[in-house]
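S.K.: Got chain A; can you put chain B on it based on the hints?
There are 2 protein chains.
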Amino acid sequence: MSTDPHGKTKLDPFGTTFIADYEKLYEEFGIQPFKPLLPQMPEPSAAMRRGVIFGHRDFERILQAVKNHEEYAVMSGIKPTGEFHLGTLQTAREVIYFQQHGAKAFYCIADVEAYEDNRIPFERSQKYAVGNVADLLALGFDPKKGFIYQQSKETRVKDLAILFGRGVTLATMKAIYGEHHMGLYLSALIQAGDILLPQTKEFGGPKPTVVPVGIDQDPHLRLTRDLAFKFRRKYKFISPSSTYHKLIKSLDGSPKMSKRDPMSYFTLEESPEVIAKKISNSFTGGRPTAEEQRRLGANPDVCPIYDLYLFHFFERDQDVAKLYNEECKGGKILCGENKQRLTKIVTDFVKEHQRKRRQNIDKAREILQID
Amino acid sequence: MSTDPHGKTKLDPFGTTFIADYEKLYEEFGIQPFKPLLPQMPEPSAAMRRGVIFGHRDFERILQAVKNHEEYAVMSGIKPTGEFHLGTLQTAREVIYFQQHGAKAFYCIADVEAYEDNRIPFERSQKYAVGNVADLLALGFDPKKGFIYQQSKETRVKDLAILFGRGVTLATMKAIYGEHHMGLYLSALIQAGDILLPQTKEFGGPKPTVVPVGIDQDPHLRLTRDLAFKFRRKYKFISPSSTYHKLIKSLDGSPKMSKRDPMSYFTLEESPEVIAKKISNSFTGGRPTAEEQRRLGANPDVCPIYDLYLFHFFERDQDVAKLYNEECKGGKILCGENKQRLTKIVTDFVKEHQRKRRQNIDKAREILQID
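Taken in order, these protein sequences are the chains called A and B. Going from the first sequence to my numbering is simple: count from 1 and add 647. Going from the second sequence to my numbering is simple: count from 1 and add 647.
Same shape as in the complex, but just chain A:
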């Protein structure tokens, strides 16, 4: 975790997010800790149990819907600027988790944001979109119980953005997002449309909606919750709930993976050999010598390899606990050995995933109506 030059926590979906201390988010931004709700959640996900999902807004509303078998929705998405990586994998798994626990699932291909924020022309993002949707399907998303769409083609979302325009002053936009060009503000309004789409008449009207996202996306939630309140009279919107996951560390040990540095992350489309190489080159929390590591133990809290096990690649919680305490802190395993074990798990997963993904490409094209 890191701080900006002034040591202040900064959440910016369009830029770099600095998180000095996740605990501080509770006070500074009014995000609630997730842990106290854990006992009330039937069948919590691995990310919930392990504290990867650490915060929420109004998640009690979702708990209630789950318990009472009431209608609710899950909504999240991906910015189609490249292949699935470990961050988008996290969000996709969360959406699928809620879908499997009774939610109507909405998955948005945020191609307007890809254009406004990253200058990716729609023709190009469309290609990524097909792959991204195939990934989502390969991971278990059920399109029959869900709605997958591209922002650029979804008139209802654009129309909500137009509606919401009246509800946001320039000052609010600048306070939430900083000084940007108009396109970014417009894409923020469209995101608000995405988040409230599940509550429109066409989708059955107002309902609790959970938006599982990385903590850097919270500004969109704050904006949308404000808009849901402002337009409550006409649309009866229920303020959307959210869960926040931590951001998985970059393979170079810095707080967030970056597209600019391909060695800082891997995608699910890379070859097992390239992934093995990246894992092998990764930063760790290890000691300078094997002797020291066996004697003093290593530091999992700064280690991207530990994060990979924690976020994605150990199925059983007890294996994570054992790695953290005995193997890593207890000096029972050396980093090279640990990387080799991880490489085996990751490449097995990736090979199988790539096979399933190929099987889903045609289905993805069909869903997105792309030839």
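Check the hints yourself; a few may be wrong.
Pairs count within a copy or across copies, as identical chains cannot be separated in the list.
In silico SDA-like pairs for lysine to any residue, Cα to Cα no more than 20 Å straight-line [said to hold, decoys possible]:
id : residue 1 : residue 2
1  : 751       : 716
2  : 877       : 767
3  : 969       : 944
4  : 800       : 847
5  : 800       : 849
6  : 881       : 677
7  : 848       : 869
8  : 800       : 848
Simulated from the structure, these hints should not be mistaken for lab results. Quick caveat: nothing in here was measured; it's all calculated off a predicted structure.
M.R.: Structure of chain B alone, referenced to chain A:
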């Protein structure tokens, strides 16, 4: 004509426009005088001949298209916040004039602007839209050679707005429009989409386009011309041309009619009796007594009654000249008499117009696809 408290000319499509001196617009805003082009225009309209259209941007491009019988477009529209009045009548006549002189005509029902700027819900503006389109048809617009649409339903215009978002900084928006809520900026981007719609592939690609508007709309033109330049590589946009008409004076003598004061203007839907009453109560440039008026003459330059003849209700230029010089300045006519003559012309026109309008209501519904 009037100035703001600081004596500065201010053009604001979303607020009050103060025009200290039309001449100043040439220097301050880079608007060109129309008069020097008049001899080159075959069959100039009354508004052109009489200086009601006083300025332009790049109108030479349109002159050339007209002369060479090349494809060009005319684009303008109405904010559906009420019935046709003397300002929207002026714009409609200009659009029809260019249509009759070879232009592909585009007429936009700016319902997004009506919502963002005037809080008019779409359900309500739709009702006005039907009437407005019936007015346009009654005035002679040929729907077979034109395209009439509502912003809120025209995806291509919204998509252009999304595209243009990237091309406008917040600073530019504030410099052009001042500090507003997001919706107004969004509606400005949509207006840019309206103005460039005639040049999209679906409508035959790049072509000279003239936008005849009241001078208060110039900010939209400046924004759009800037965007046409920024996105020229991909879309080959030709910078849109414009003509500017003066704003007809309010019946109370102030520089602009205002919806807030129903006695300051009349609509084409009011009864002839109400219109007669409003004309009879109008401010004039007359003298306190008949004797003084006959001796010293009156002042047509400040007179809304003179404006009505000039803009709309004298067909022949020589009648306008005679009114201005001999009758008014020369003291040959008293204001009461002049008002009675005008009332006769206006009520004859309005009765006939209302009859034609009724005949076009069904056609208007069909064009707008409103039941």
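S.K.: Work down the list of hints and note, for each, if the structure agrees.
M.R.: Hint check results:
1. 751 with 716: within (12 Å within a copy, 58 Å between copies)
2. 877 with 767: Between copies, since 16 Å is at most 20 Å while 32 Å is not.
3. 969 with 944: Within one copy only: 13 Å inside a chain, 103 Å across chains, cut-off 20 Å.
4. 800 with 847: Both: 17 Å inside a copy, 18 Å across copies.
5. 800 with 849: both (16 Å within a copy, 17 Å between copies)
6. 881 with 677: Intra 27 Å, inter 45 Å, cutoff 20 Å: neither.
7. 848 with 869: neither (23 Å within a copy, 39 Å between copies)
8. 800 with 848: both (19 Å within a copy, 18 Å between copies)
The structure is inconsistent with the numbered hints 6 and 7, although it conforms to all the rest.
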